[in-house]
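S.K.: Line by line, the protein sequences are chains A, B and C.
Going by my numbering, the first residue of the first sequence is number 46, and it counts up by one from there.
Going by my numbering, the first residue of the second sequence is number 25, and it counts up by one from there.
Going by my numbering, the first residue of the third sequence is number 14, and it counts up by one from there.
Heads up, some of the hints might be wrong.
Unchecked claim - If you anchor each label on the Cβ, the simulated ranges turn out as follows:
hint, chain 1, residue 1, chain 2, residue 2, range
1, B, Ala-228, A, Leu-72, 35 to 41 Å
2, B, Phe-227, C, Ala-129, 32 to 38 Å
3, C, Lys-163, A, Val-84, 50 to 56 Å
4, C, Ala-117, B, Thr-117, 30 to 36 Å
5, B, Pro-88, A, Trp-53, 39 to 45 Å
6, A, Leu-245, B, Ile-121, 53 to 59 Å
Stated by the list, open to error - Straight-line Cα separation of at most 20 Å, SDA-like style, residue types lysine to any residue; simulated pairs:
hint, chain 1, residue 1, chain 2, residue 2
7, C, Lys-168, C, Gly-196
8, C, Lys-206, C, Asn-165
9, C, Lys-206, A, Gly-67
10, C, Lys-206, A, Ala-252
11, C, Lys-206, A, Pro-69
12, C, Lys-158, C, Ile-180
For the record, the hints were derived by calculation from the structure and aren't laboratory data.
C-beta atoms are modelled at their ideal positions from N, C-alpha and C, and glycine is treated no differently.
As a plain string of letters, each chain reads:
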Amino acid sequence: MTILANTWRWLINPAHWRGSDGIPVRLGEHLHLSIEAVVIGALIALPIGVILGHYGRFGNLAIGLSNLGRAIPSFGILVIAFRVLGLGDLPIVIALAALAVPPMLTNTYVAMQEVDADVRDAARGMGYRELAQLIRVELPLAVPLIMSGVRTSAVQVVATATLAALIAGGGFGRYIVDGLAQQDNAMLAAGAVLVGALALATELSLAGMERLLIPRGIRLLRAPTAQPMIAYKSA
Amino acid sequence: MVGRLFLDYVDPWINWDWLSQHVPLVLSALWDHITLTVIAVALGLVISLPVGVAAHRWRWFRLPVLAATGAFYTIPSIALFALLVPYTGLSGTSAEIPLVGYNVMILVRNVLVGLAAVPPDVRDAADGMGYRPMVRLLRIELPLALPAIFAGLRIATASTIGIITITAVIGVGGLGQLILKGLIENFNTPLVVAMVLSVALAFAADLVLAGSQRLAMPWARSR
Amino acid sequence: MTRKIGMGWLVAGFVALTMVVAACGSSSSSSTSKGTVTIGGFNFPESSILAQLYGESLAHAGYTVNYKLLLGPREIVAPALESGQIDVYPGYAATDLEYYNQGAGEASGDVTATNAKLNSHLQLLGLEALTPSAAVDQNAFAVTKDTQSKYNLTKLSDLAPIGSQLILGAGPECPTRPFCQPGLSSVYGITFKDFKALDTDGPLTRAAFKNGSIQVGLVFSSDADLTSLGLVVLQDDKHLENADNVVPIIRTSVASADVTTILNKLSAGLTTADLVTMNGQVELQHQDADAVAQTYLQAHNYFA
């Protein structure tokens with residue numbers, strides 16, 4: 046198919062690797078937006094999820110709000126962010142962070158809840174005070190599911206960051222939006238391939254990090270998860 | 025709270041006059057959105073069921089199916105919509121093909137998980153009772169796989185409702201047309217209306233699916 | 014068995030819903046309509062206004078009119094016309110000519126000649142350009158008052174020596190449009206420091222002016238809000254921009270004598286001042302494009 050050939054030719058063209066519209070620059074922009082959004086989202090979602098999950102309170106509210114967050118169309122929230130905050134990275138990062146929170150919040154809450162009651166009892170019986178119990182017993186057990194939420198969120202943010210180009214943002218989305226406007230299908234498809242590759246790389250690297258963070262004892266116990274259930278797709 | 029952009033004109037979040045004069049426009053956008061969603065999810069389910077069953081039955085089929093659908097999932101939807109335009113135009117078809125694809129992605133996996141979760145004892149019992157494989161599939165295994173399938177339907181529907189707004193860039197859009205109008209005409213109201221209706225639609229759809237799930241699984245009702 | 018019945022109803026209900034939705038999705042035109050016309054529009058408000066003006070005149074004359082507005086730049090709208098997804102769009106003579114002749118440079122300030130050349134290219138595609146209006150809207154390049162006083166700018170030639178210090182902002186189609194970045198380079202010799210893809214004379218461009226991320230931006234000569242935004246248009250002294258008169262580009266198969274008359278009548282009465290006024294109503298007073306069109310048509314007694 047010529048479209049594939051043209052896309053390949055676009056990607057290996059050295060001119061497309063130079064300058065302010067080159068692949069390295071756009072990659073940097075895309076990563077910058079995605080990483081900031083996931084980090085900010087995590088800073089909000091993880092503490093709230095951990096605390097609510099530990100005390101087992103307001104779970105339905107948390108999950109309900111998460112579902113509400115998932116239902117918000119990403120295109121719309123980016124446009125609202127532009128209208129409130131103007132141009133630049135800040136509105137994009139905030140919009141993406143808002144989209145990143147729901148999966149992390151839900152997973153973190155459920156992860157803390159899933160910690161076996163017996164384990165909690167045992168910890169208390171061993172004399173752990175509350176904070177120590179939280180940090181040294183519950184959190185490590187919850188890490189796999191929490192990381193899985195972070196991973197899902199990160200991949201979604203990378204894909205959704207393409208829409209930032211619709212409000213004059215940078216990143217690989219530029220190739221897609223500009224390719225559409227200029228009817229340059231090679232550039233468009235190249236943008237799609239680049240985002241797909243980046244999303245895949247994000248998934249694999251975070252999965253790798255997940256294995257490192259899981260306490261050795263748990264890792265030996267659990268069979269590798271095939272992760273058949275897919276999270277929602279926001280872009 | 026009001027949105028302000030450069031000029032002295034202060035644009036309220038919702039201009040009720042505009043809204044009352046544009047009910048047909050809003051309803052038409054909402055109806056388009058609903059239509060696109062129903063078609064995408066229904067077609068997705070219709071395709072996923074046989075594919076999922078086949079992948080469950082023939083192990084060699086499973087990995088390619090999972091790999092192919094997984095790869096497809098990482099491609100941003102806006103690119104797929106745009107790439108289809110030269111072939112299928114600025115039409116609902118260009119919107120539906122990727123949407124159905126994404127839903128197949130989600131649902132095939134859930135069909136697989138659901139079928140795999142059927143306890144082997146149940147399958148043995150069915151065989152022992154004389155059920156032929158196809159009948160066993162339809163009357164025992166698929167019904168037991170329903171929780172997973174419904175979970176997939178709920179995720180697929182919520183995703184679809186959100187992604188449809190993006191098709192505004194190829195002239196389709198449903199409620200996304202209102203978002204685009206708000207962006208281009210520097211006008212908050214259609215934007216806010218579209219957001220509120222999208223979320224409401226997603227919630228309504230979820231309720232309908234949750235209700236359907238209870239209807240379809242009467243054996244799970246009395247707990 | 015309740016389970017079987019429940020499943021059966023569920024499946025039946027699902028199928029029925031899908032069929033209802035699919036059936037209702039197809040458009041139903043009234044039996045008294047003279048025919049259906051689909052009007053497309055570009056992704057800026059003036060195009061929506063023009064599309065509504067033409068559309069409502071046709072609707073008033075008994076046609077069923079469908080609108081496909083805010084589709085995108087000409088690169089998206091023209092193929093849709095060629096393939097029949099839309100029947101007509103409100104074009105601009107010179108820019109359309111340079112689009113359909115792949116940038117051959119045939120456009121001039123003479124609107125009659127430009128339109129004739131445009132038709133010679135359109136005929137091969139089964140399209141035609143109707144009679145151009147006196148109303149003109151062409152590309153214009155603006156700077157903020159600060160930039161103007163800083164470099165003492167009055168015309169576009171003044172940008173040539175300082176281009177490398179300035180950033181140009183326009184729609185993403187600009188780098189490939191003869192009347193945009195390539196034209197500025199070939200006619201004026203301006204090479205910019207960078208290009209920022211924003212929108213076609215929309216809120217993104219205005220926001221970029223405001224926060225200083227661009228110094229030169231593409232606007233339209235019929236914009237009404239430039240003064241209030243502190244923007245100054247630089248004079249096109251080497252005549253890069255040409256006769257961009259409003260002209261409907263239509264599929265010949267739809268261009269019956271009746272349709273042509275109606276559309277030409279509207280074009281004949283439209284002036285550049287009208288465009289500016291209507292743009293102002295949308296940009297400054299936040300009226301809706303269709304309301305603005307209705308007001309114009311009634312004020313000019315088109316429904317008499």
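S.K.: Return the numbers of the hints above that this structure violates; sort them in rising order.
M.R.: Hints 2, 3, 5, 6, 10 are the ones this structure does not satisfy, whereas the remaining hints hold.
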